[in-house]
Amino acid sequence: MSSHLPILLFLVPFFMGVSMPILTAKRPALCPDITLGTVIVMVIVAILNLRFVLTQGPIEYALGGWTAPLGIAWLNDSIAALIALTISVVSLITIVYGRVVVTTGLEKSVPYYTLILIMMSGLVGLIFAADLFNVFVFLEVAALTGYALVAASGGKALVYAFRYLLLGSFGATLYLLGLSHLYVATGTLNMADLSDRLPELMTSTAVAAGLIYIFLGLSIKMALIPLHSWLPDAYANAPSSVTPFLASTVTKVALVAWVRIEYSLITPTVEVSAVPVLVLLEELGVIAALVGGALALIQTDLKRMFAYGGVSHIGLILIGVSLGNDTGFAGGMFYLINDAIMQAALFMIAGAILHYHNASTLDDVRGLGHVTSPWLTASLIVVAIAMVGLPPTGGFFGKWNIILGALEAEHYVAVFAVVGSTLLTFGYFLKVFANWFHQPQAVEVKTIEVARELRFSLGMASFAIIALGLMSDTVVQYLLESVSRGGI
Amino acid sequence: MGELFQTLLQRPNFVVFVILFLWGIYIMAVHPNLVKKLIGLYIVQTSAIYFLVAFSAKDGATVPIILEGAAAVDPSIYANPLPHVLTVTAIVVQVATLGVSLALVSAIYRKFGTLDEDELMEKLK
Numbered sequence: 001m002s003s004h005l006p007i008l009l010f011l012v013p014f015f016m017g018v019s020m021p022i023l024t025a026k027r028p029a030l031c032p033d034i035t036l037g038t039v040i041v042m043v044i045v046a047i048l049n050l051r052f053v054l055t056q057g058p059i060e061y062a063l064g065g066w067t068a069p070l071g072i073a074w075l076n077d078s079i080a081a082l083i084a085l086t087i088s089v090v091s092l093i094t095i096v097y098g099r100v101v102v103t104t105g106l107e108k109s110v111p112y113y114t115l116i117l118i119m120m121s122g123l124v125g126l127i128f129a130a131d132l133f134n135v136f137v138f139l140e141v142a143a144l145t146g147y148a149l150v151a152a153s154g155g156k157a158l159v160y161a162f163r164y165l166l167l168g169s170f171g172a173t174l175y176l177l178g179l180s181h182l183y184v185a186t187g188t189l190n191m192a193d194l195s196d197r198l199p200e201l202m203t204s205t206a207v208a209a210g211l212i213y214i215f216l217g218l219s220i221k222m223a224l225i226p227l228h229s230w231l232p233d234a235y236a237n238a239p240s241s242v243t244p245f246l247a248s249t250v251t252k253v254a255l256v257a258w259v260r261i262e263y264s265l266i267t268p269t270v271e272v273s274a275v276p277v278l279v280l281l282e283e284l285g286v287i288a289a290l291v292g293g294a295l296a297l298i299q300t301d302l303k304r305m306f307a308y309g310g311v312s313h314i315g316l317i318l319i320g321v322s323l324g325n326d327t328g329f330a331g332g333m334f335y336l337i338n339d340a341i342m343q344a345a346l347f348m349i350a351g352a353i354l355h356y357h358n359a360s361t362l363d364d365v366r367g368l369g370h371v372t373s374p375w376l377t378a379s380l381i382v383v384a385i386a387m388v389g390l391p392p393t394g395g396f397f398g399k400w401n402i403i404l405g406a407l408e409a410e411h412y413v414a415v416f417a418v419v420g421s422t423l424l425t426f427g428y429f430l431k432v433f434a435n436w437f438h439q440p441q442a443v444e445v446k447t448i449e450v451a452r453e454l455r456f457s458l459g460m461a462s463f464a465i466i467a468l469g470l471m472s473d474t475v476v477q478y479l480l481e482s483v484s485r486g487g488i
Numbered sequence: 001m002g003e004l005f006q007t008l009l010q011r012p013n014f015v016v017f018v019i020l021f022l023w024g025i026y027i028m029a030v031h032p033n034l035v036k037k038l039i040g041l042y043i044v045q046t047s048a049i050y051f052l053v054a055f056s057a058k059d060g061a062t063v064p065i066i067l068e069g070a071a072a073v074d075p076s077i078y079a080n081p082l083p084h085v086l087t088v089t090a091i092v093v094q095v096a097t098l099g100v101s102l103a104l105v106s107a108i109y110r111k112f113g114t115l116d117e118d119e120l121m122e123k124l125k
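Protein sequences, first through last, are from chains A and B.
Residue numbers for the first sequence follow the numbering used here, beginning at 1 and rising by one.
Residue numbers for the second sequence follow the numbering used here, beginning at 1 and rising by one.
One or more hints might be untrue.
Here are the simulated PhoX-like cross-link-like pairs (lysine-lysine), alpha carbons at most 25 Å apart as the crow flies [said to hold, decoys possible]:
| no. | chain 1 | residue 1 | chain 2 | residue 2 |
| --- | --- | --- | --- | --- |
| 1 | B | LYS123 | A | LYS156 |
| 2 | B | LYS111 | B | LYS123 |
| 3 | B | LYS123 | B | LYS36 |
| 4 | A | LYS156 | B | LYS111 |
| 5 | B | LYS58 | A | LYS156 |
| 6 | B | LYS125 | B | LYS36 |
| 7 | A | LYS26 | B | LYS111 |
| 8 | B | LYS123 | A | LYS108 |
Which stretches of chain A does chain B cover? Using the computed rule of at least three CB atoms under 8 Å from a CB of chain B, they are [stated by the list, open to error]:
| no. | region |
| --- | --- |
| 9 | 135 to 146 |
| 10 | 160 to 168 |
| 11 | 172 to 181 |
So, partial list: chain A residues that the calculated Cβ filter (under 10 Å) puts toward chain B [stated by the list, open to error]:
| no. | residue |
| --- | --- |
| 12 | GLY64 |
| 13 | ALA151 |
| 14 | GLY155 |
| 15 | LYS156 |
| 16 | VAL184 |
| 17 | LEU189 |
| 18 | ALA192 |
These are calculated hints, taken from the structure and not from any lab test.
These figures come from a predicted structure and were not determined experimentally.
By construction, the Cβ of each residue, glycine as well, lies at the ideal position given by its N, Cα and C atoms.
My request is simple: use the sequences and hints to build the entire structure.
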């Protein structure tokens, strides 16, 4: 029974999402509660699944009992289980938050909650899928619901959602082309089979073209610079209640899909005309980390600033997983888990400021530290510490392991990029705090009270960031074991 | 140069694929009208499906259903079912994308009263 936990994790949100319109036909007010209940069940299942994987080791789950060459395989290892748990916890936090900070018209909207649940099922499928075509299908399930969620509140967001759709679908088409190239060359789509057959075929242009198409397609989805242009506009204009969820999941899970492909197919010895492919990917990560940080530094709109911060972190993670050693890889994956929670927390704070103070730019938040709730200030400080990467938060240990991996591989450019992006992150948070704690002209100090749900979400997120830092040894150890076992 | 043409002419399907793909990208990039951009996207997606169908085509092959009582199975007389299944799924995904994008386009038209990208950018400012 326990071996069926991954499919349960997929079916719970899918079933509830599909049956939402029927369940709430007479009582639309129930939507938020049903969604919350579903996500709580998901968190429990994800914890059970993680426990199962840690005790039993990774297993390949055959859908419908059809094993690999004929059927569709899902791989349930500690990386997938950890990320599934992260996604579930982040959804729980953001849905509780969405009960307070919600755009008018969406509070009881059945389509909105249906979309959120179906998106979650798509993300879970994407995490576990070990078959290239299965990845494509779940990528599109998650992306299509994402386009609709960005546009959920109408207005300006519609145009940006349309741009997101154009680029995202183009990326998916490139991915489809890539996988058909690989299928032509190898006759299989299963990642385990591919990693057996591909090494001998690496000189073939079809394989190289296929991998390039797949990488291009997924890098649009994960918003890797220079293919990130859809992200800041879409996230800055999407309804405040969905941005934390989107920002913390979609790009990260697309990166997980790429990491699975990269880890099983591209070894450090793979070269294209004497250039090692992993080093090439690492340099792309270096560019994304530095340029993303620099672009964040020049923004005046808070949501856009945080969106560019997320773009630069995608680069950091890509550096970590492309170093070609286990330390860097585990560091990158650990940073990905942290980044999911940090992005959720950042966009929750930005949304809450917009909701309570109607402030969205750096000028608007001037002096806000004196009038806003201490919960907002405290969680902003915790997230800033984690984003900059100071101990004892999880962000520090992620960056630390990436740097250790880079030193181990003697890639000093990567070390420089990690440190440089840390400084840039420090720079833009300095800008935020300089405005936040600016002494106001008038001396009327009247702090506002934030809703209980918001305090729960912000508290949970800050707690998770610090807890990840304190437990970093254990988590990194699990990741390392999964890597050295040839897992993923 | 002559050799290049010869190789190209031997693979007419792939030439068609390349033309469709580039044509679609061109339309997506150049036309300011949102519906035309969608048509471009649709052509790009169709070219990917055309590619899938082109390489899985097989002369004289039949449906991959093994008749009862057939002695030995000869793989050369059956078409490979997998690429066709992929094609059908990809078409389904494409239709879903088209549905969402047309809904977005009509919402944009109702809200802003135009589908021209330049005019939209003016109104967004």
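Hints versus structure:
no.	hint	result
1	B:LYS123 - A:LYS156	9 Å, holds
2	B:LYS111 - B:LYS123	11 Å, holds
3	B:LYS123 - B:LYS36	20 Å, holds
4	A:LYS156 - B:LYS111	9 Å, holds
5	B:LYS58 - A:LYS156	49 Å, violated
6	B:LYS125 - B:LYS36	23 Å, holds
7	A:LYS26 - B:LYS111	30 Å, violated
8	B:LYS123 - A:LYS108	30 Å, violated
9	135 to 146	holds (count 4)
10	160 to 168	holds (count 4)
11	172 to 181	holds (count 5)
12	GLY64	15 Å, violated
13	ALA151	6 Å, holds
14	GLY155	7 Å, holds
15	LYS156	6 Å, holds
16	VAL184	5 Å, holds
17	LEU189	8 Å, holds
18	ALA192	17 Å, violated
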